[in-house]
Amino acid sequence: MATRKRESARIAVPRRTTNEAFFDEAWERLRLAFSDILNKDQGSLSFEELYRNAYNLVVHKRGPLLYDGVSNVFSVHLRSLVDHVLVPSFPIATSANTSNELGQPSLSGGAAFLRTLRDVWNDYVTSTMMIRDVLRYMDKAYVTGNSKLLPIYNQSLHLFKQTIITSQPHPIQQHILSTYLDQVYKERQGDIIDKSLLKSISEMLLSLDTDSTGTTSLYHSILEPEFLTTSTTFYTQESENLLKSFDATQYLVHVETRISQEDARVSHYMYPTTLPKIHKILYDELLERHLSVIIEMENSGLVAMLDSNKVVDLARMYKLFAKTNAGHDEMLKALSAYIKSLGKTINFDFGGAARDSNATTSSTSSSTIMSGQPPNPVKWVEAMIELKDRFDLVASSSFDNDKLFTRHINSTIEVVVNENSRSSEFVSLFIDENLRKGLKGKSENEVDELLDKTIMLFRFIGEKDVFERYYKQHLAKRLLFNRSVSDDAERGMISRLKVECGYQFTHKLEGMFNDMRLSLETMQSYKSLLSTSSTVLAPNNLPIPEISVNILTSTFWPMSSSTTPQIAFSPELTLALEKFQKFYLSRHSGRRLTFLHNMGTTDLRIQFDTCKKEINVSTYATVVLLNVFSTTTPNTEFVEYTTIREKTAIPDLELKRTLQSLSLGKYKILLKRGGGKDVADSDGFCFNGKFTASLNKIKIPTISSSASSSTSTSNTIGIETDEDRAATMDRIDEARKYQVEAAIVRIMKSRKQLEHNVLVGEVVKMLSSRFSPSFGMVKQRIEGLIEREYLERDKKDRKLYNYVA
Amino acid sequence: MAKINALYQKYKDEEDDVVGIDGVLQLCEDLGLDPQEAVVLVLAWHLGAEKIGEFTKKGFTEGLAKLGVDTIQGLKNQIPIMRSQLDDPSTFKEVYFFTFNFGRVEGQRSLSLESAISFWGLLLVGKFVYLEEWIEFLEENHKKAISKDTWNLLLDFAKLCETDPKFENHDEDSAWPVLIDSFVEYQKEQIEG
Chain A
1 MATRKRESAR IAVPRRTTNE AFFDEAWERL RLAFSDILNK DQGSLSFEEL
51 YRNAYNLVVH KRGPLLYDGV SNVFSVHLRS LVDHVLVPSF PIATSANTSN
101 ELGQPSLSGG AAFLRTLRDV WNDYVTSTMM IRDVLRYMDK AYVTGNSKLL
151 PIYNQSLHLF KQTIITSQPH PIQQHILSTY LDQVYKERQG DIIDKSLLKS
201 ISEMLLSLDT DSTGTTSLYH SILEPEFLTT STTFYTQESE NLLKSFDATQ
251 YLVHVETRIS QEDARVSHYM YPTTLPKIHK ILYDELLERH LSVIIEMENS
301 GLVAMLDSNK VVDLARMYKL FAKTNAGHDE MLKALSAYIK SLGKTINFDF
351 GGAARDSNAT TSSTSSSTIM SGQPPNPVKW VEAMIELKDR FDLVASSSFD
401 NDKLFTRHIN STIEVVVNEN SRSSEFVSLF IDENLRKGLK GKSENEVDEL
451 LDKTIMLFRF IGEKDVFERY YKQHLAKRLL FNRSVSDDAE RGMISRLKVE
501 CGYQFTHKLE GMFNDMRLSL ETMQSYKSLL STSSTVLAPN NLPIPEISVN
551 ILTSTFWPMS SSTTPQIAFS PELTLALEKF QKFYLSRHSG RRLTFLHNMG
601 TTDLRIQFDT CKKEINVSTY ATVVLLNVFS TTTPNTEFVE YTTIREKTAI
651 PDLELKRTLQ SLSLGKYKIL LKRGGGKDVA DSDGFCFNGK FTASLNKIKI
701 PTISSSASSS TSTSNTIGIE TDEDRAATMD RIDEARKYQV EAAIVRIMKS
751 RKQLEHNVLV GEVVKMLSSR FSPSFGMVKQ RIEGLIEREY LERDKKDRKL
801 YNYVA
Chain B
1 MAKINALYQK YKDEEDDVVG IDGVLQLCED LGLDPQEAVV LVLAWHLGAE
51 KIGEFTKKGF TEGLAKLGVD TIQGLKNQIP IMRSQLDDPS TFKEVYFFTF
101 NFGRVEGQRS LSLESAISFW GLLLVGKFVY LEEWIEFLEE NHKKAISKDT
151 WNLLLDFAKL CETDPKFENH DEDSAWPVLI DSFVEYQKEQ IEG
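So the sequences go chain by chain: A and B.
The numbering of the first sequence is our numbering, which starts it at 1 and goes up by one.
The numbering of the second sequence is our numbering, which starts it at 1 and goes up by one.
Just so you know, these hints were derived from the structure itself, not from any lab.
These figures come from a predicted structure and were not determined experimentally.
Possibly wrong hints are sitting among the right ones.
Claimed, not checked - Okay, derived cross-link-like pairs now, DSS-like style, lysine-lysine, Cα gap no bigger than 25 angstroms in a straight line:
no.	chain 1	residue 1	chain 2	residue 2
1	A	Lys737	B	Lys148
2	B	Lys148	A	Lys799
3	B	Lys143	A	Lys737
4	A	Lys737	A	Lys749
5	A	Lys765	A	Lys464
6	B	Lys127	A	Lys796
7	B	Lys143	A	Lys795
8	B	Lys3	B	Lys93
9	B	Lys148	A	Lys796
10	A	Lys668	A	Lys656
11	A	Lys340	A	Lys477
Claimed, not checked - Sample of chain A residues at the chain B side, in silico, Cβ under 7 angstroms:
no.	residue
12	His756
13	Met777
14	Lys779
15	Gln780
16	Glu787
17	Asp797
18	Arg798
19	Lys799
What the hints assert, rightly or not - Sample of chain B residues lacking proximity to chain A, with all beta carbon distances greater than 10 angstroms (derived):
no.	residue
20	Asp13
21	Leu31
22	Ile52
23	Lys58
24	Leu124
25	Ala175
26	Glu192
In this text, a Cβ means the ideal position worked out from N, Cα and C, and glycines have one as well.
Next up, chain A with everything else stripped away, as it sits in the complex:
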């Protein structure tokens, strides 16, 4: 192979000339082309040629010439746009005197101006992008290394901002803002506007930097703040105007509407960062400033909504106010006040409270204190339960079961319940009424529901120890006189109380039930024993009557066994009692039986003149009738009271009651000589032989101690009299003293040394499930214990207590 001498093929490289004119020409070509592009004229040179020209200039170190030149082209063009396009299209204030509500002069031609601006912008952007493409090499090779220069596209934007937006002689920026915001204003008034136009303007402003740091756009530095300011003014005014004529519901609906409108506005033609800011303005101006006005509006505010049970309106208020700082607090205040006033009415209507002259209902202008209605425990409890149910429902349907709201409702109801000083008694009476009669015929579910609701109210009672005492009393009566309508219901109540208060609370109650059951068993054994043994006659030849005994364990039951007088029973009765006692004690040695004759009853067969009746009377009445009026000869004599007392040995108070029951009730077994309801020593009684009645079996109840006095008022439910109540409270106070002391000792024993305040706090906490002792009371008990040397004060610190072992 022959090697040829290689001839380098030479590419024809244009000769480098240092001729300046060459570059000037190149630039000139570009300048014209760029002007054409900016003017949307089709140029004569192709893209490649322009690119090459630019390339050459940069390669030959003519970058500055090119860059500055292009910048100049831009500036010139922009200035011409200002003078010939934008300024002529400025909107005109229609008249110096008219202005919209924001004090802005009303504009005509505002939208047109914005349109012009938008078109200018769009064209400019298109053109400069093309130019950027042409100058890509310059950006890469010349601009990149030079930190003082912006890439050419950015430079074009910068010049746009400088020349047009922030143009010195011409108020273009002001016009942009005012026309933009005027459009917003019109839209808020309900007009249809060109949303995409505003969107374009927003996007334009977003693309333009405020300054050379490039950190914020013009949107954020000039449009957004101005938008927020005018919006604030707008909504401040709107709220004041509307509140003059709209009611609460209309107003809140309007607020909802405005919120969704602003949401739409931002999403259609503004930038997302504006959303939370405009929301805040709405919440502050439309709601936060006017919270109490809205809530307290007559006939439409919160109270009116609650009154008419406007679930949706309440829910709306709750949702809207959630966005404010103080909205819910204000609502809770009004809600509590409302519940309190309802509670006050309940206490007045059924609780026996006195109405004061500041009643919130539309009372007359009387300023005296009216005394309350007679108390009605059952209705009171039902009304309170209903109150709680009602507001539970409101909380769940309108307040989203918000914990803060439910807590407030519960604590207000608790206050209201305990304002009635007899709440414990009333709840027990309510249960009593239901267990005796009310639950009759109710299904198991209904019973459960009622018991659950009662327990719910029970939780609110502060003085649970008082309740316990009343419940015991009422239960005792129910058990002994066999008045319970349902054993299951009784046990249901007890088990619920156990869950609420623990075993200690219900242990005695359960003991009472147990006693009743055991008594039945005992009686069965006794009866079978009697049936097998021979009949014995009493010394007076009368047969021994059948006896049925309920044996009560004394610590469980609320009766005291101390004051049982010796009654003069006739022999056959005495024998009956003795026989039983012997039987019982033979089975349970070491026990002592005390008969409570004041609570016993007897079935007597009485022969009247024309009829024979079986009558159930109290034991005392039995003694009266048998000892005084039961004779074989006709009985028409009046026997003096004193003689009766002698023959029966029944104490005065009881004897008088017994005689009243026999002579003044519906069925008069005895006739009374001596007027009036009260029994005087000189009064006389005689057997009413002429007695008749339609029924063959009759029960004669003993008049209760409250009704036996002629000065008492009617008392159908069995509410304690004031004296009895005072006695009950005394006993409660005594018991409380011991409980406080026991708590103090227990706490000190385990902690050995405690500061005064801490000790008091612990004591109150320990006893809180039963009652709330006052600080003063605890302090007194502490002092008592110091006296008795269970505690001592620390020698160095007066405020410390030490346990004395």
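Position chain B against the provided structure of chain A, taking the given hints into account.
The following block gives chain B in isolation, referenced to the frame of chain A:
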């Protein structure tokens, strides 16, 4: 010791082995003291008396020994020192606490109001701004015996009254006895009324 015993024999009661009421009165006379003076309480404290009008043999003899005296004159010389002890806060405190037990009737836990008032009159004059008002308050409202706790804490309370006469800083829930709290309330009303 012999001299002390001799002294004891001089004042002791005829029948019992104690210095009885007569002996006490005689002793006071010999010392030139009014038996109702405050300094007598200081003396009683030194001699370990357990109740009014009686010094036990042990208390008397040991007390004199501790004081380092064995003659009446020697004891008389101690009297001015005892008087000054009333003004020394720590010894005064001891004497004050002692007085409660001293003044009690045997078998009782508390000090009768009457006795308490007269002892306070002796001891707290000049030391308790509200002494008169306190006594008035008790006579009108309390009328019962005074507990040890209340007696003891009254001293602290008296000190407090000097710095806070209007009770602006009195804390109802702090550990003052209930009676003192009531007095503060009473006194506040008096100040305002």
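Against the structure, the hints:
1. Lys737(A) - Lys148(B): Measuring from Cα to Cα gives roughly 21 angstroms; hence the hint holds.
2. Lys148(B) - Lys799(A): Holds, because 16 angstroms separates the two Cα atoms, which is no more than 25 angstroms.
3. Lys143(B) - Lys737(A): OK: Lys143(B) and Lys737(A) at ~22 angstroms, within 25 angstroms.
4. Lys737(A) - Lys749(A): Answer holds: Lys737(A) to Lys749(A) is near 18 angstroms, not above 25 angstroms.
5. Lys765(A) - Lys464(A): Holds, at about 14 angstroms.
6. Lys127(B) - Lys796(A): holds, 21 angstroms
7. Lys143(B) - Lys795(A): violated, 28 angstroms
8. Lys3(B) - Lys93(B): Given that 25 angstroms is the threshold and the Cα spacing comes to 31 angstroms, the pair is violated.
9. Lys148(B) - Lys796(A): This hinted pair holds, its Cα atoms lying about 17 angstroms apart.
10. Lys668(A) - Lys656(A): holds, 15 angstroms
11. Lys340(A) - Lys477(A): violated, 35 angstroms
12. His756: holds, 4 angstroms
13. Met777: violated, 10 angstroms
14. Lys779: Holds - the Cβ of Lys779(A) comes within 7 angstroms of chain B, reaching about 6 angstroms at its closest.
15. Gln780: This hint holds: Gln780(A) lies near chain B, its Cβ roughly 5 angstroms from the closest one there, short of 7 angstroms.
16. Glu787: This interface hint holds because 5 angstroms falls under the 7 angstroms limit.
17. Asp797: It is violated, given that the least Cβ distance between Asp797(A) and chain B is near 9 angstroms, above 7 angstroms.
18. Arg798: Holds. Min distance 6 angstroms.
19. Lys799: Lys799(A) check passes; min Cβ-Cβ to chain B is 4 angstroms, inside 7 angstroms.
20. Asp13: holds, 33 angstroms
21. Leu31: holds, 34 angstroms
22. Ile52: Holds: least Cβ distance 22 angstroms, greater than 10 angstroms.
23. Lys58: holds, 26 angstroms
24. Leu124: Fine: 18 angstroms to the nearest Cβ keeps Leu124(B) off the interface.
25. Ala175: Contrary to the label, Ala175(B) does not stay out of reach of chain A, its closest Cβ about 4 angstroms off (not over 10 angstroms).
26. Glu192: Holds, since 22 angstroms exceeds 10 angstroms.
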